[in-house]
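What follows is each chain in one-letter form.
There are 2 protein chains.
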Amino acid sequence: MAKKTVVIGGVACGPKAAARLRRLDPDREITLVERGEEISYGACGLPFYLEGQVADLAELVSTPVGVPRDVNFFRAVKGFDVRIRTEAVSLDRAAKTVRVKDHGSGREEDIPYDTLVLATGSRPVRPALPGIDLDGVHCLKTMADGSAIKAAMEGASSRRAVIVGAGLIGLECVEALLKGGFEVHVVEKLGYPLPALLDEEMAVPLKKHLEAKGVRLHFGDGLVRFEDDGNGRLARVVTEKTSLEADLAILAIGFRPNVDLAVNAGLAVGRFGIKVDSFLRTSDPSIFAGGDCVENRHLVTGRPLYAALGSTANKHGRVIGENLAGWKSTFPGVSGTGICRVLGFNVGRTGLSEREARAEGYEVVTALNPGGDKPHYIREKKAIHIKLVAEAYSGRVLGAQILGPGDALSRLDTVAAVLTMGGTVADLANVDMAYAPPFSPAVDNIIVAANIVQNKMAGVARAYSPAEVKGKVTSGEDFVLLDVRTPKEVEALRLPYENVVHIPLGKLRERAGELPEGKEIVPFCLVSLRGYEASRILLEKGFDPARVRFMDGGLLAWPYEKVSKG
Amino acid sequence: MAKKTVVIGGVACGPKAAARLRRLDPDREITLVERGEEISYGACGLPFYLEGQVADLAELVSTPVGVPRDVNFFRAVKGFDVRIRTEAVSLDRAAKTVRVKDHGSGREEDIPYDTLVLATGSRPVRPALPGIDLDGVHCLKTMADGSAIKAAMEGASSRRAVIVGAGLIGLECVEALLKGGFEVHVVEKLGYPLPALLDEEMAVPLKKHLEAKGVRLHFGDGLVRFEDDGNGRLARVVTEKTSLEADLAILAIGFRPNVDLAVNAGLAVGRFGIKVDSFLRTSDPSIFAGGDCVENRHLVTGRPLYAALGSTANKHGRVIGENLAGWKSTFPGVSGTGICRVLGFNVGRTGLSEREARAEGYEVVTALNPGGDKPHYIREKKAIHIKLVAEAYSGRVLGAQILGPGDALSRLDTVAAVLTMGGTVADLANVDMAYAPPFSPAVDNIIVAANIVQNKMAGVARAYSPAEVKGKVTSGEDFVLLDVRTPKEVEALRLPYENVVHIPLGKLRERAGELPEGKEIVPFCLVSLRGYEASRILLEKGFDPARVRFMDGGLLAWPYEKVSKG
Numbered sequence: 257m258a259k260k261t262v263v264i265g266g267v268a269c270g271p272k273a274a275a276r277l278r279r280l281d282p283d284r285e286i287t288l289v290e291r292g293e294e295i296s297y298g299a300c301g302l303p304f305y306l307e308g309q310v311a312d313l314a315e316l317v318s319t320p321v322g323v324p325r326d327v328n329f330f331r332a333v334k335g336f337d338v339r340i341r342t343e344a345v346s347l348d349r350a351a352k353t354v355r356v357k358d359h360g361s362g363r364e365e366d367i368p369y370d371t372l373v374l375a376t377g378s379r380p381v382r383p384a385l386p387g388i389d390l391d392g393v394h395c396l397k398t399m400a401d402g403s404a405i406k407a408a409m410e411g412a413s414s415r416r417a418v419i420v421g422a423g424l425i426g427l428e429c430v431e432a433l434l435k436g437g438f439e440v441h442v443v444e445k446l447g448y449p450l451p452a453l454l455d456e457e458m459a460v461p462l463k464k465h466l467e468a469k470g471v472r473l474h475f476g477d478g479l480v481r482f483e484d485d486g487n488g489r490l491a492r493v494v495t496e497k498t499s500l501e502a503d504l505a506i507l508a509i510g511f512r513p514n515v516d517l518a519v520n521a522g523l524a525v526g527r528f529g530i531k532v533d534s535f536l537r538t539s540d541p542s543i544f545a546g547g548d549c550v551e552n553r554h555l556v557t558g559r560p561l562y563a564a565l566g567s568t569a570n571k572h573g574r575v576i577g578e579n580l581a582g583w584k585s586t587f588p589g590v591s592g593t594g595i596c597r598v599l600g601f602n603v604g605r606t607g608l609s610e611r612e613a614r615a616e617g618y619e620v621v622t623a624l625n626p627g628g629d630k631p632h633y634i635r636e637k638k639a640i641h642i643k644l645v646a647e648a649y650s651g652r653v654l655g656a657q658i659l660g661p662g663d664a665l666s667r668l669d670t671v672a673a674v675l676t677m678g679g680t681v682a683d684l685a686n687v688d689m690a691y692a693p694p695f696s697p698a699v700d701n702i703i704v705a706a707n708i709v710q711n712k713m714a715g716v717a718r719a720y721s722p723a724e725v726k727g728k729v730t731s732g733e734d735f736v737l738l739d740v741r742t743p744k745e746v747e748a749l750r751l752p753y754e755n756v757v758h759i760p761l762g763k764l765r766e767r768a769g770e771l772p773e774g775k776e777i778v779p780f781c782l783v784s785l786r787g788y789e790a791s792r793i794l795l796e797k798g799f800d801p802a803r804v805r806f807m808d809g810g811l812l813a814w815p816y817e818k819v820s821k822g
Numbered sequence: 257m258a259k260k261t262v263v264i265g266g267v268a269c270g271p272k273a274a275a276r277l278r279r280l281d282p283d284r285e286i287t288l289v290e291r292g293e294e295i296s297y298g299a300c301g302l303p304f305y306l307e308g309q310v311a312d313l314a315e316l317v318s319t320p321v322g323v324p325r326d327v328n329f330f331r332a333v334k335g336f337d338v339r340i341r342t343e344a345v346s347l348d349r350a351a352k353t354v355r356v357k358d359h360g361s362g363r364e365e366d367i368p369y370d371t372l373v374l375a376t377g378s379r380p381v382r383p384a385l386p387g388i389d390l391d392g393v394h395c396l397k398t399m400a401d402g403s404a405i406k407a408a409m410e411g412a413s414s415r416r417a418v419i420v421g422a423g424l425i426g427l428e429c430v431e432a433l434l435k436g437g438f439e440v441h442v443v444e445k446l447g448y449p450l451p452a453l454l455d456e457e458m459a460v461p462l463k464k465h466l467e468a469k470g471v472r473l474h475f476g477d478g479l480v481r482f483e484d485d486g487n488g489r490l491a492r493v494v495t496e497k498t499s500l501e502a503d504l505a506i507l508a509i510g511f512r513p514n515v516d517l518a519v520n521a522g523l524a525v526g527r528f529g530i531k532v533d534s535f536l537r538t539s540d541p542s543i544f545a546g547g548d549c550v551e552n553r554h555l556v557t558g559r560p561l562y563a564a565l566g567s568t569a570n571k572h573g574r575v576i577g578e579n580l581a582g583w584k585s586t587f588p589g590v591s592g593t594g595i596c597r598v599l600g601f602n603v604g605r606t607g608l609s610e611r612e613a614r615a616e617g618y619e620v621v622t623a624l625n626p627g628g629d630k631p632h633y634i635r636e637k638k639a640i641h642i643k644l645v646a647e648a649y650s651g652r653v654l655g656a657q658i659l660g661p662g663d664a665l666s667r668l669d670t671v672a673a674v675l676t677m678g679g680t681v682a683d684l685a686n687v688d689m690a691y692a693p694p695f696s697p698a699v700d701n702i703i704v705a706a707n708i709v710q711n712k713m714a715g716v717a718r719a720y721s722p723a724e725v726k727g728k729v730t731s732g733e734d735f736v737l738l739d740v741r742t743p744k745e746v747e748a749l750r751l752p753y754e755n756v757v758h759i760p761l762g763k764l765r766e767r768a769g770e771l772p773e774g775k776e777i778v779p780f781c782l783v784s785l786r787g788y789e790a791s792r793i794l795l796e797k798g799f800d801p802a803r804v805r806f807m808d809g810g811l812l813a814w815p816y817e818k819v820s821k822g
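Those sequence lines, one after another, are chains C and A. Each residue of the first sequence is one higher than the last, beginning at 257 in our numbering. Each residue of the second sequence is one higher than the last, beginning at 257 in our numbering.
Everything labelled a hint here was simulated from the structure, so no lab data went into it. Be careful, since some hints might not be right.
Here are the in silico distance ranges between beta carbons for each label pair [stated by the list, open to error]:
id, chain 1, residue 1, chain 2, residue 2, range
1, C, A258, A, G470, 44 to 50 Å
2, C, L795, A, A639, 50 to 56 Å
3, A, E365, C, L795, 45 to 51 Å
4, C, K821, A, T586, 35 to 41 Å
5, C, N520, A, R614, 25 to 31 Å
6, A, E636, C, G411, 55 to 61 Å
7, C, R415, A, A639, 35 to 41 Å
8, C, R331, A, T586, 56 to 62 Å
9, A, K464, C, N520, 28 to 34 Å
10, C, S820, A, K469, 25 to 31 Å
11, A, A404, C, S731, 57 to 63 Å
12, A, G470, C, R472, 35 to 41 Å
13, A, A639, C, E754, 24 to 30 Å
14, C, R614, A, R341, 52 to 58 Å
Bear in mind that the values here come from a model prediction, so they are computed numbers and not experimental data. A virtual CB, placed ideally from N, CA and C, is assigned to each residue, including glycine.
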């Protein structure tokens, strides 16, 4: 008798696992159950549907050549049965059956399985706050959510929207709402955008970009309630600090894995989802699990985390399909990579932020490297700003944050590859990256960042972070901020502090004697390269190495007060 | 007494080595000699100067903030002496002196050194053909070359240009000349563009792109002579097969390392340049060498190669500077990475092509994966076509070729990083690449390619290359080409052969019986995914596994005759 596999969940991991299994085992009886209407839909495309890029929601459930991925498609093309509007309500692991309920007929039945896949996905966090169920308060997860928000955008009267949560989904919605003519407010409990990905200093340019584009930001402010207009419709979003009239609110404060079925069946469930081993097997060897419902493993730390992404769900599906077919395939883990584009600004992270790395107990060394993504003489160059984080002793790459209007993707993917291989900053610096002026500088930005980390590890470069320098200024410490830029640059942009001394780098060798003795000197320039160079010249001139440190990242990485002219 | 270091060559590696050394050793006496006028110029920017992107040649010798990198700059900012128009004519390794000649005064003198750096660069290949010295025949290497071509472009009368050589530099010049209003002819001895980087099948889309943009291609045709107009000016370029009226010719048939100084001094010189070890030390331990004059080492094969690139020269300079300062730094080698953009088309390679890998004795497995660089529902998606080459036994990644209007860079850099770390296709498939719809599909194109290779290694996917299928057609073999696309797709584009049978994938399970028994079946679709799927369905239906193979890359990778409608 043919072996039977039942797959629960039809968005990304489930169909992938079933299709892979069918290709590897022609004899398997495969049934996929999905409680919703659609199978294998491009949920990640929903913000772009709202924005108008995707003309029709149907595109999100079609193959690239326009064939709808419906029940017939899966039966005819993929070779397995799909039952939609069918919810798995319980498992009997001893009997090896799953009880499903048909939402149409209301009928329940038990489906037997030899092996089972849990790809039950996730649901948006919806706290039990007053007014959460008002008309006008939305999450963005399903096709139905997408339709509802699109309709709300079209029907809105006051054209003011509040996005709660400045994570990836929240930011992806910003552009759609702005383009839809809304005044857009973003409320975020933490103090800066993308707090799960970025260090605070790196979030500053993103914050400024959003502000410059007219987005109203409410950071460090918590959602309290939604108020109605007397007719069951949203009228107002009330936070700890303010009250915002709004006819549309999108809740984007994260997702939780759907684990009820697993919990009720007695499967091991961790803090971040269903527990699986590297074969994506649950605590029951007949049951595999993948996608948004499982606890992932961090490639760098080896520790569990929640990482719900379409890219990961597809990798999971492939591994599960293979193991269902009798292979022994493994999934090594994720690097916590994330990226988004908002209003022409790219922002992404792979690995650990400095804050996360320190919280994990790593001693770290970091580099800040703001600069152009192509040589300065190429017209279409754009700025990107990199923070690279490495383990101080070994130089192992721990993570990178990259943002700006320029090309962040190629550098993030390069770091992600090095992370996957457990490489060091020396490995990263030696990658033979593709170079030609229309693409990148001769020394790529991420290689410069790796070189800075190497210099710091070797003791050649000693630096303060902008935050450390700001702290010294604020506490009134008596030190010299040495601006080594050209007079023209200084005229255009400068730090507004009394302890700033200006000596252009080209004059520093002859004029170093003008600097006060005994005080700490902190050279800086626009990015950090000349600041670093100045620190080496000062040592050459006999200054005490313990009292010379340049400012990491220069003025471009300085997120605090600056005076600019013209 | 201070130790003395002399650096010969002032473009990329030399100044980098000197600057790095100065930062690490404040006491060193450092002299850099350069026979030309300019130091540290952005030679890679010259094609973009011709194109008009770079407004002024001076930008190529300025820092990003506009400070000219002249003799004063290097003395004041970088802290070492530079002597321009000064040629190193010989070395006395026993006496540790270098004899230099001042091109201004004609005077010669001996400069003593403790350590020496040879960064003598390369020169364009200029075969001793009749007419090579005519006015109007140019190479593109120096600032003077750039000025001369720019002037020639402005003064040309007939506005017809011939580029000899379809390598990276030749192709970079195409766009400038087209934009300059020239009819552009490209003459290339080998049969296709970028022959040093690409396999022939991968060069086809590039060739078509160039043709579509109006570039006149003369492949498989060798340069014979240049003919003059009676006044010492170029009138005509004569090749083996044709004669082209032209008032401008650019010779771009490669570069040769400048090794005369090294050879005359008795240093070991290999086929591809001055021999160095991983510390970039020549056969004389007091002499280091780097940049375009040295023989590089291939990271994958461990064998010598010639790889003259600004990115590599800068890495060399850094390592040499450190070793001059007494560190023990190494340079692991290059991956043969190269990229260019020509008329909106990106084309790049890292590692080995299939041809190169086979010539090195590797047994290889390859994947062709044409597709969109973003999900199909994202408006700004563009096509890229990938060929991934791996070692058949281990799955070690050997190289990738990526081209098309879409984003080739991020995928090339990802592969380059995996190559640097010695990774396999499994490693590549597991990289947690940055995913969001504005950037990439949920399963990135390069991960799909890695998965295809894994399927082939596991015996799950068996495929013919387009060239193999073409061979079977040409030899009149009796087999079935099974087109599994939708009727609408077939109507728009099809293969013009009599042995094509059309059964849409969705009907294949029910209609497989229509296929003739005993004949080999070669399913295909637009890219290869449905073709692969069809091959699995046929096995499921009991077809002989030895007689079913899909066509790799589908119609998009098929470079031969196709019939398209409308």
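Here is how each hint holds up against the structure:
1. Under the hint 44 to 50 Å, the C-beta atoms of A258(C) and G470(A), about 60 Å apart, miss the expected range.
2. The hinted range of 50 to 56 Å is satisfied by L795(C) and A639(A), whose Cβ atoms lie roughly 53 Å apart.
3. Roughly 32 Å separates the CB atoms of E365(A) and L795(C), a value that falls outside the hinted 45 to 51 Å.
4. Look at K821(C) against T586(A): about 47 Å separates their beta carbons, and that is not inside 35 to 41 Å.
5. Here the CB-CB span from N520(C) to R614(A) is close to 57 Å, at odds with the stated 25 to 31 Å.
6. Between E636(A) and G411(C) the Cβ separation comes to about 29 Å, which falls outside the hinted range of 55 to 61 Å.
7. Distance hint check: the CB atoms of R415(C) and A639(A) are about 38 Å apart, consistent with the given range 35 to 41 Å.
8. As the Cβ distance of R331(C) to T586(A) is approximately 58 Å, the hint placing it in 56 to 62 Å holds.
9. For K464(A) paired with N520(C), a C-beta distance near 59 Å fails the hint of 28 to 34 Å.
10. For S820(C) and K469(A), the Cβ-Cβ distance of about 43 Å falls outside the hinted range of 25 to 31 Å, so the restraint is violated.
11. Remark: the range hint 57 to 63 Å for A404(A) to S731(C) is upheld by a beta-carbon distance near 60 Å.
12. Taken as a hint, the range 35 to 41 Å is violated for the pair G470(A) and R472(C), whose Cβ atoms sit roughly 50 Å apart.
13. Taken as a hint, the range 24 to 30 Å is violated for the pair A639(A) and E754(C), whose Cβ atoms sit roughly 58 Å apart.
14. At roughly 54 Å, the beta-carbon separation of R614(C) and R341(A) lies within the given 52 to 58 Å, and the hint holds.
Hints 1, 3, 4, 5, 6, 9, 10, 12, 13 from the list above are not met by this structure, while the remaining hints are.
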